[in-house]
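Taken in sequence, the protein lines are chains A, X and F.
Using our numbering, the letters of the first sequence map in sequence onto residues 1 to 368.
Using our numbering, the letters of the second sequence map in sequence onto residues 1001 to 1368.
Using our numbering, the letters of the third sequence map in sequence onto residues 2001 to 2368.
Careful: at least some of the hints might be erroneous.
Here's a subset of chain F near chain A, in silico, CB distances under 8 Å, partners left out [to be verified]:
(1) 2168
(2) 2281
(3) 2346
Below are the DSBU-like pairs computed for lysine-lysine, each with C-alpha atoms no more than 30 Å apart in a straight line [stated by the list, open to error]:
(4) X:1342 with A:333
(5) A:342 with A:356
(6) A:333 with X:1356
No lab work stands behind these hints: they were computed from the structure.
Heads up, the beta-carbon is just placed ideally off N, CA and C, and yes, glycines get one too.
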Amino acid sequence: MTRSVTIGELARALDARSWGDAALPVIGAAEPAATSPVGPDGGVIALAMAPKYAEALKPGSMAILAEGMDPEAYGLKAAIFAPRPRLLMAGLTRAFDAGPDIAPGIHPTAVVDASAVIGADTAIGPFVVIGPGVRIGAGARIGPHVSVGRNARIGDQALIHAGARIAHGVHAGDRLIVQSGAVIGGDGFSFVTPEESGIEEIRRTLGAREDIRQQHWTRIHSLGGVELGHDVEIGANATIDRGTIRATRVGDGTKIDNLVMLGHNVVVGRDCLLCSQVGVAGSSRIGDRVVLAGQVGVNDNIEIGDDVIAGGATKIFTRVPSGRVILGNPAVKMETQMEIQKAMRRLPRFAQQLAKLQETVTRLLEKA
Amino acid sequence: MTRSVTIGELARALDARSWGDAALPVIGAAEPAATSPVGPDGGVIALAMAPKYAEALKPGSMAILAEGMDPEAYGLKAAIFAPRPRLLMAGLTRAFDAGPDIAPGIHPTAVVDASAVIGADTAIGPFVVIGPGVRIGAGARIGPHVSVGRNARIGDQALIHAGARIAHGVHAGDRLIVQSGAVIGGDGFSFVTPEESGIEEIRRTLGAREDIRQQHWTRIHSLGGVELGHDVEIGANATIDRGTIRATRVGDGTKIDNLVMLGHNVVVGRDCLLCSQVGVAGSSRIGDRVVLAGQVGVNDNIEIGDDVIAGGATKIFTRVPSGRVILGNPAVKMETQMEIQKAMRRLPRFAQQLAKLQETVTRLLEKA
Amino acid sequence: MTRSVTIGELARALDARSWGDAALPVIGAAEPAATSPVGPDGGVIALAMAPKYAEALKPGSMAILAEGMDPEAYGLKAAIFAPRPRLLMAGLTRAFDAGPDIAPGIHPTAVVDASAVIGADTAIGPFVVIGPGVRIGAGARIGPHVSVGRNARIGDQALIHAGARIAHGVHAGDRLIVQSGAVIGGDGFSFVTPEESGIEEIRRTLGAREDIRQQHWTRIHSLGGVELGHDVEIGANATIDRGTIRATRVGDGTKIDNLVMLGHNVVVGRDCLLCSQVGVAGSSRIGDRVVLAGQVGVNDNIEIGDDVIAGGATKIFTRVPSGRVILGNPAVKMETQMEIQKAMRRLPRFAQQLAKLQETVTRLLEKA
Chain A
1 MTRSVTIGEL ARALDARSWG DAALPVIGAA EPAATSPVGP DGGVIALAMA
51 PKYAEALKPG SMAILAEGMD PEAYGLKAAI FAPRPRLLMA GLTRAFDAGP
101 DIAPGIHPTA VVDASAVIGA DTAIGPFVVI GPGVRIGAGA RIGPHVSVGR
151 NARIGDQALI HAGARIAHGV HAGDRLIVQS GAVIGGDGFS FVTPEESGIE
201 EIRRTLGARE DIRQQHWTRI HSLGGVELGH DVEIGANATI DRGTIRATRV
251 GDGTKIDNLV MLGHNVVVGR DCLLCSQVGV AGSSRIGDRV VLAGQVGVND
301 NIEIGDDVIA GGATKIFTRV PSGRVILGNP AVKMETQMEI QKAMRRLPRF
351 AQQLAKLQET VTRLLEKA
Chain X
1001 MTRSVTIGEL ARALDARSWG DAALPVIGAA EPAATSPVGP DGGVIALAMA
1051 PKYAEALKPG SMAILAEGMD PEAYGLKAAI FAPRPRLLMA GLTRAFDAGP
1101 DIAPGIHPTA VVDASAVIGA DTAIGPFVVI GPGVRIGAGA RIGPHVSVGR
1151 NARIGDQALI HAGARIAHGV HAGDRLIVQS GAVIGGDGFS FVTPEESGIE
1201 EIRRTLGARE DIRQQHWTRI HSLGGVELGH DVEIGANATI DRGTIRATRV
1251 GDGTKIDNLV MLGHNVVVGR DCLLCSQVGV AGSSRIGDRV VLAGQVGVND
1301 NIEIGDDVIA GGATKIFTRV PSGRVILGNP AVKMETQMEI QKAMRRLPRF
1351 AQQLAKLQET VTRLLEKA
Chain F
2001 MTRSVTIGEL ARALDARSWG DAALPVIGAA EPAATSPVGP DGGVIALAMA
2051 PKYAEALKPG SMAILAEGMD PEAYGLKAAI FAPRPRLLMA GLTRAFDAGP
2101 DIAPGIHPTA VVDASAVIGA DTAIGPFVVI GPGVRIGAGA RIGPHVSVGR
2151 NARIGDQALI HAGARIAHGV HAGDRLIVQS GAVIGGDGFS FVTPEESGIE
2201 EIRRTLGARE DIRQQHWTRI HSLGGVELGH DVEIGANATI DRGTIRATRV
2251 GDGTKIDNLV MLGHNVVVGR DCLLCSQVGV AGSSRIGDRV VLAGQVGVND
2301 NIEIGDDVIA GGATKIFTRV PSGRVILGNP AVKMETQMEI QKAMRRLPRF
2351 AQQLAKLQET VTRLLEKA
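With the sequences and hints as input, model every part of the structure.
Take a look at the structure:
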């Protein structure tokens, strides 16, 4: 599948200025070193927003340059000038993304319950299973082997990749993207023992164990669903458990990366980024515009304010006020963590200095 | 699908005392603020085990209260008194869990090998694949797109959610629950190099590398299976690898959360809780009633005693005696970790104090 | 399925020396305690490479022993002597691995696009979906519910387990192994805000936040594919995202364990081992023969040299030179980490010593 636009059309779509022959057809994007002179059917365009990248461009090719760079110096046939490079990258890549290519219509092998309501212009792949009472909006693209459980509701323009699992009662807004293997609406991990359990005991005693005994775990079932806002994206093999009584919730515009885990009853606000392998334990609440870098962990029943940013592998055990930038295990302010790390590296030296000082003082004492 | 019981029946089922009109039908559970006056078809019941929750109840509704609370003060029509709230929660949620709703019988699209033996009263969804020699007990519910490999054996009353993978030779007891996307019986991650590998070298030299050379990894195949006891639950997208020669084993009553990894040859005891994103490397052994909180890591070939509790993100590199409560990376006793963390936060101040003290002592020495 | 070879054939296949009756048939491997006297149809062979293991062998059974051990002392009927035990283990387990048992040919339920080219001697299971333009080499075994997207290319002798996802445009070499639920070629997690985002701000200000404002995330699409070399293995539920413009790449001979995450544009070299739950963020580059133990995290845009070994749960935020052995969060040389950990355990005592020393010095000052 080849898409092609002229470089002039592309510049207009990207709200950017073009230079050179605006009629040249662009058929895709490439790295600077992978460019070649534009041929009769057009050519690829490279991102080369700094001279060090632009040097690899082939003469006669096309590129996106930063303002102030000279396309003639690189022998280009045409160029686009990028005011904000990464934003332009979004537009450029969207223009050439052919996506997973699911054939329009409902594949004959799909099992769609008669009571399900599917919007117009959908593409549903082979072996998809859609349960009773499901509603899916217009323009949905659903890859092979996806299952959507009873009474789930999904808005317009959804893109659900192969093998994703949307369990019964999950509700999602418009423009939902679910990568392959994600599981939305698994049962919460919530158990209780008839007597006080070891975990309850150490929470009460802050670590001491008095009396260890047999304990069998009885399951607390998950009756709540999962509610996802508009423009939510869920990564490959991520898991979002359903709530116990109320729903687990993810706000509008929040993006969730691969292998992330959201426990039962978790609430995540709007426009957050939860990077890969983040885990948020049951009933924690995360504000708006929060960024959790890869492998961050959030204990259960924790509150994280708006605009918090947590660096990679930060482990959060206590409430985090809004706007804070945190790092480390356990999480502290990033600048404090930096000081702690510096001091830790000097620790073995401290130990030596302290020992020497003790000796000196002992000698001084003897003299005194 | 609506289930309904009277509040009197529900109280009896929960082994608890009811108050008010015992004939009112209960059709589900809700949060206190989401209640409404009981109508002719009944209503939802809220959990409101403390006054701060009960204040949100709507007059004319139904609730579960703690002993000593006054249902009339909240204008309730009926109430249940909970002796141990979380245990009651288990009973309540079980009563109203409609589950994944798989139609009874074997879906015509399922591919079940002629030599497989499936018990009575099973519900097997669309596109399920069941291999030769498989035995599945009575009352199993198996969601769409599940695969069960050759000679696997699963006990009675299993619930296997959409897209779970049970590989060949896996054995499981009764009341097995497998959430979507879990993979039971993948091959172990076990490789060997013809010559000593870098890993073997640093284990021998404790970190030093003398001689770095080419190394190609040859696979050690996994001939062992996976054995799961009765009442085991496996979370969404968790993975349990098969053993090399003997089986990887999980004991009765153990619950495993989403995205947990158990390596080849691992043995986990009875009634453990392994929370989300826990990883246990190959050949480690975990005792009974062990609780590993989210993101805990266990090195390979480690022994963890009975009744150990490890806090969130604890990394375990060495043997842990029974009954110990541990925290941190590397794991130490929780109380020691608390002291270490306190001291770490004071570290930058220590550094200053130490420097100042050195100055003072230097001056004293000059005087002496 | 029973395979059987004579112990003499097995010894020759393993390039090892046999002892005793070389004609005895071996039908599988077992642990020493699970052996029994060889019967008329043969028996299992146990690995017992040290006397403590060999003591559990049953008289009349067969075993693999270390050089210098005496088979008559254990009453064995036959034995094989292993020069390098773990290497022999690879040969032994390969000899008896029956694998996932996918029937030869293409299952009638599989949906294979007419334009796909599939090599000879393949076994493709039920409900497999293979898209347009796909090329798969000879001898492939593909389990049930696998999907292979448009224009993907896979070499000879691939083994792809049930429910694995190979997205459009993924290229892989020969002898590829993909465990169940792995997702190769999901979209990268790459977003941009129209204005500078909070993350960009703290990278610039090193932690300070001046001005918090609304931010919506715009998606950067992933046009690059994923390129896997020869002899690559991908673990269960691992995820490898596609690159943005160029491909995400994994070199020949590299093995990737369960639940590992490789972000967009990541490059991993040859003959690496990436253990379970490792996460490598976008655009990082990893050299050849690198070993990352379980739960290691690598920040984005990091370079890791050849022959680096990182211990369990190491978190890597900065460049690592070739050959280094690292441990801890943040990663430091393993020997430095050992010293830091020792000092940390002594920290509370340091604090006491420091306080006492301060007192002493104060008293000395008063006297002076």
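We went through each hint and held it up to the structure:
no.: 1; hint: 2168; verdict: holds, 6 Å
no.: 2; hint: 2281; verdict: holds, 5 Å
no.: 3; hint: 2346; verdict: holds, 7 Å
no.: 4; hint: X:1342 with A:333; verdict: holds, 15 Å
no.: 5; hint: A:342 with A:356; verdict: holds, 21 Å
no.: 6; hint: A:333 with X:1356; verdict: holds, 26 Å
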